[in-house]
Amino acid sequence: MSVSTGQVAEEFLGRIENTQGDYVGTCFQVTAGVLVTAAHVIQEALQEVDRSNLMGRIVAVAPLTSAGRGNIAARVIAVHPSQDLAVLQSDSPLPAEVPHLAYSDVQLPGTEFYITGCALLDNESRYKSLTTLGQWGRSAFTLNDSLIGAGTAAGAERGMSGSPVLRTSDNAVIGVMSMRYNSEGWSRDRVWFARVEDLVSILPPTVRVPIFRTAANGDDSATRLGVTYEDKSRLANEANFFMPNEWTGAWVDSVAALESSKVLILVAPAGFGSTTFAEQLIVREGDFRLRLAKLEPGDWDRPNAASLPTQAWHGYILDLQDPEHDRPTPEFLRGLDDIATALAEIQSHLIVTIKESLWSNRYATSLNNVRAVRIDQPPDPHALVERFFEEFDPLVVEAVRQDRVRTHLNGMNAIESSQAVGQIVDLLEPFGDRSSLSTSKIAEMIAEVLDNHVDDLDVLFGEEGTNHRSTSSFSRKNDRPLALDDRCLLLTLSIRSAVHLSNLERDWRGFLSELRGKSEEDVRHLDAVLARSGIRGRLKRVRASVDRDEMARLARPAFGVAAVRYVWDNYSEVRRPLVRWMSTNISQDSGRLSPAAWVSTLVRRSQDIEFIRHDLRNIGDKGILKDVLFDACRDMHMRRRAERILYDWAQSAEMQDVVIDVATRLYLLDQRPIAVRRLQRVADSAKISDGTAALVVAAFDQFLADENARAPFLATVSEWLTAAGARASSRFALDAMVRDAEGVEAFLALEKGGILQLKPFLAQLLNDESSHATIVSMFRSANDDASYDALIESLAGAARENGLIASLFRLSGALDSTAGMRNPVKDLSVRLEGYIAGRVVESSHVQA
Numbered sequence: 001m002s003v004s005t006g007q008v009a010e011e012f013l014g015r016i017e018n019t020q021g022d023y024v025g026t027c028f029q030v031t032a033g034v035l036v037t038a039a040h041v042i043q044e045a046l047q048e049v050d051r052s053n054l055m056g057r058i059v060a061v062a063p064l065t066s067a068g069r070g071n072i073a074a075r076v077i078a079v080h081p082s083q084d085l086a087v088l089q090s091d092s093p094l095p096a097e098v099p100h101l102a103y104s105d106v107q108l109p110g111t112e113f114y115i116t117g118c119a120l121l122d123n124e125s126r127y128k129s130l131t132t133l134g135q136w137g138r139s140a141f142t143l144n145d146s147l148i149g150a151g152t153a154a155g156a157e158r159g160m161s162g163s164p165v166l167r168t169s170d171n172a173v174i175g176v177m178s179m180r181y182n183s184e185g186w187s188r189d190r191v192w193f194a195r196v197e198d199l200v201s202i203l204p205p206t207v208r209v210p211i212f213r214t215a216a217n218g219d220d221s222a223t224r225l226g227v228t229y230e231d232k233s234r235l236a237n238e239a240n241f242f243m244p245n246e247w248t249g250a251w252v253d254s255v256a257a258l259e260s261s262k263v264l265i266l267v268a269p270a271g272f273g274s275t276t277f278a279e280q281l282i283v284r285e286g287d288f289r290l291r292l293a294k295l296e297p298g299d300w301d302r303p304n305a306a307s308l309p310t311q312a313w314h315g316y317i318l319d320l321q322d323p324e325h326d327r328p329t330p331e332f333l334r335g336l337d338d339i340a341t342a343l344a345e346i347q348s349h350l351i352v353t354i355k356e357s358l359w360s361n362r363y364a365t366s367l368n369n370v371r372a373v374r375i376d377q378p379p380d381p382h383a384l385v386e387r388f389f390e391e392f393d394p395l396v397v398e399a400v401r402q403d404r405v406r407t408h409l410n411g412m413n414a415i416e417s418s419q420a421v422g423q424i425v426d427l428l429e430p431f432g433d434r435s436s437l438s439t440s441k442i443a444e445m446i447a448e449v450l451d452n453h454v455d456d457l458d459v460l461f462g463e464e465g466t467n468h469r470s471t472s473s474f475s476r477k478n479d480r481p482l483a484l485d486d487r488c489l490l491l492t493l494s495i496r497s498a499v500h501l502s503n504l505e506r507d508w509r510g511f512l513s514e515l516r517g518k519s520e521e522d523v524r525h526l527d528a529v530l531a532r533s534g535i536r537g538r539l540k541r542v543r544a545s546v547d548r549d550e551m552a553r554l555a556r557p558a559f560g561v562a563a564v565r566y567v568w569d570n571y572s573e574v575r576r577p578l579v580r581w582m583s584t585n586i587s588q589d590s591g592r593l594s595p596a597a598w599v600s601t602l603v604r605r606s607q608d609i610e611f612i613r614h615d616l617r618n619i620g621d622k623g624i625l626k627d628v629l630f631d632a633c634r635d636m637h638m639r640r641r642a643e644r645i646l647y648d649w650a651q652s653a654e655m656q657d658v659v660i661d662v663a664t665r666l667y668l669l670d671q672r673p674i675a676v677r678r679l680q681r682v683a684d685s686a687k688i689s690d691g692t693a694a695l696v697v698a699a700f701d702q703f704l705a706d707e708n709a710r711a712p713f714l715a716t717v718s719e720w721l722t723a724a725g726a727r728a729s730s731r732f733a734l735d736a737m738v739r740d741a742e743g744v745e746a747f748l749a750l751e752k753g754g755i756l757q758l759k760p761f762l763a764q765l766l767n768d769e770s771s772h773a774t775i776v777s778m779f780r781s782a783n784d785d786a787s788y789d790a791l792i793e794s795l796a797g798a799a800r801e802n803g804l805i806a807s808l809f810r811l812s813g814a815l816d817s818t819a820g821m822r823n824p825v826k827d828l829s830v831r832l833e834g835y836i837a838g839r840v841v842e843s844s845h846v847q848a
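Residues 1 to 848 in the numbering used here are what the sequence shown spells out, letter by letter.
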């Protein structure tokens, strides 16, 4: 990691000055108003010989980023005489604080660090700040048995005493600069540090600063869960959020739980708003320094505490909703107990939201450092809907407060309330500012679109021959349960919205044939045609009419939507034939919902991920499947489980094209980390075909062509090439990169930028004959002589240094196909001949 000289550190650094105004050392701020420096710096500033006389003394501190700001006074509140440490308190804090502390003794030898502080050079030059780089050695005992840290840093200067020793990888303080050797001989550039362990022992108990006490130091690794950071300011200012009365008890309990333990488990039924609860709890009750981070456990088979990241000043949220992969185990809960201790030391929190059906009360009895809180009630649906509209549409608020609307909101959970808001927004969007509509008319329209017509549909879809009646105002005196063919007629018209009378008979019979699994001709002869009512009479029975143009329509379109939902919810066996019929009979005509939109709406309404996984997969229409799965991945409540389907199907040859399509669309929007991992899993699958591989490369081409996706994709490719260059996913990405407008130059730039070592990577490709086509592509895309020469030199060097001359000869046949003015086979041979000649001379010299 490169370090910008002093820029990272200067906000939390200060200069200690003596009584004459000359600076004598450096200090840094660990929390607001609490400063740390070396004890000998205070001695020099006060001209005090005895360190035991430093307590309570006042020194002047000049902020490094003063910019017109005067000195501040700081009082010594703690001293560690043998470790050369002093802690000061000031009523005027510096602008920033160090990110976190990390114990010194657990640092590995060779750990890179940097030191930024004021500097007094031997030529009397003075610098407000200089930065030097160094490497950690290990802790050592002095003659008086004091343990101190040691390392090397060639640029350490006078005035840097008291500076923080900052680990390059994450800016953690791993020591406090104490002294250095000035010898030209032994121990040259040796520097000594006070240990963080000793600093922690003298900090006031009220100081809240993250401290990593283990070697892991909170760094994420490849086994850690992915993290998505949320904008806390956006959530804090969310206009539609309010504190529901139903959450009051759980909120109070949760605040108390987080104060006593850093891990909180929120148990709630689906749709009770537990994720929103967790987000707002961190935003409104957590420390302002916390970063809100959502964990993405999309790839695990079961919860694993070892994969949870632990970084300082983080508020983590982990959502466990998938019954197949998210059910907590005793091992996971014991791991949470251990993590709670680590999080307390680094000032972080973890909130785990668990679906009620996955939780058992017996779990709570085994937890020592973890607290569990239940959310027993969803937010009031009336209040949620009103709150959404009151900020910008008072007229709608008045409408939704009317009883005829409120009755349809009764009993809704948070998800259903959100869906109701979406229905109302879609309903009213065509009316602009709605100034032409009265409150009463708006209420009437909203009531119609929210009405599930369950009373009427219970009658129409009741047992044939029963006599129960609906009490709905929409019901009719002669309403009776519909016969099967009339039910098909109603559903056909509901989905069609409007259909010419000449086509209606064919449509409903087609649906009936799907239900019965017979051809239309078989269905036509199942009953005597003339024994039933004619089509116009039957249309009246299902509350439809025919206009002058012979177009059949339902009298109330919302009734048709309700009918489809009713059948979907109550007749699971009908779902597959209904979707099959839609896929073959409903086109993408404008003005009506497409089959994919219908199915997506129905599936997301019920959060039915299993219908996608099993039923929709087997129906055979991949176009619908791709669109519905994409919508599920965009749905905040279904996202996790939908992403898991992508993970599982990435290893299925017949479903890989679905994964590629959905992941590509997700990447081009904003779900890049999970999307690119799914594409990588497809690419590296042992079951991938040539056609599927071409689809993956085409997706990568799209990313490089998209101005927003290009930079993050190139960064991902760099990581892949560095970590596993010979994997198929790396080769496919490289193929796309070298075919890009920049050609092989973008690939060669990775070495120039210090991202990739070219020769070892080319050696991997050379050693794998399946990767030879990638090398050929590189030569074809070398746009200029400089790039071509660099590629020749690197490839010849890779073969020479790794004993792959034979592999280079096998490659030569493919290189012959790169027609043009250049001859890579000849140019490689020239390089190798020069190398062989060099070896012969060297060998002769040794023998002589």
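Keep in mind the hints are simulated off the structure, nothing from the lab.
Among the clues, some could well be false.
Here are the in silico distance ranges between beta carbons for each label pair [unchecked claim]:
{"id": "1", "residue 1": "201", "residue 2": "169", "range": "20 to 30 Å"}
{"id": "2", "residue 1": "801", "residue 2": "706", "range": "14 to 24 Å"}
{"id": "3", "residue 1": "169", "residue 2": "395", "range": "49 to 59 Å"}
{"id": "4", "residue 1": "360", "residue 2": "214", "range": "25 to 35 Å"}
{"id": "5", "residue 1": "214", "residue 2": "797", "range": "34 to 44 Å"}
{"id": "6", "residue 1": "806", "residue 2": "749", "range": "29 to 39 Å"}
{"id": "7", "residue 1": "610", "residue 2": "299", "range": "12 to 22 Å"}
{"id": "8", "residue 1": "169", "residue 2": "82", "range": "49 to 59 Å"}
{"id": "9", "residue 1": "201", "residue 2": "299", "range": "38 to 48 Å"}
{"id": "10", "residue 1": "229", "residue 2": "416", "range": "48 to 58 Å"}
Don't be surprised by glycine CBs; every beta carbon is placed ideally from N, CA and C.
Violations among the numbered hints, reported as their numbers in ascending order: 2, 8, 10
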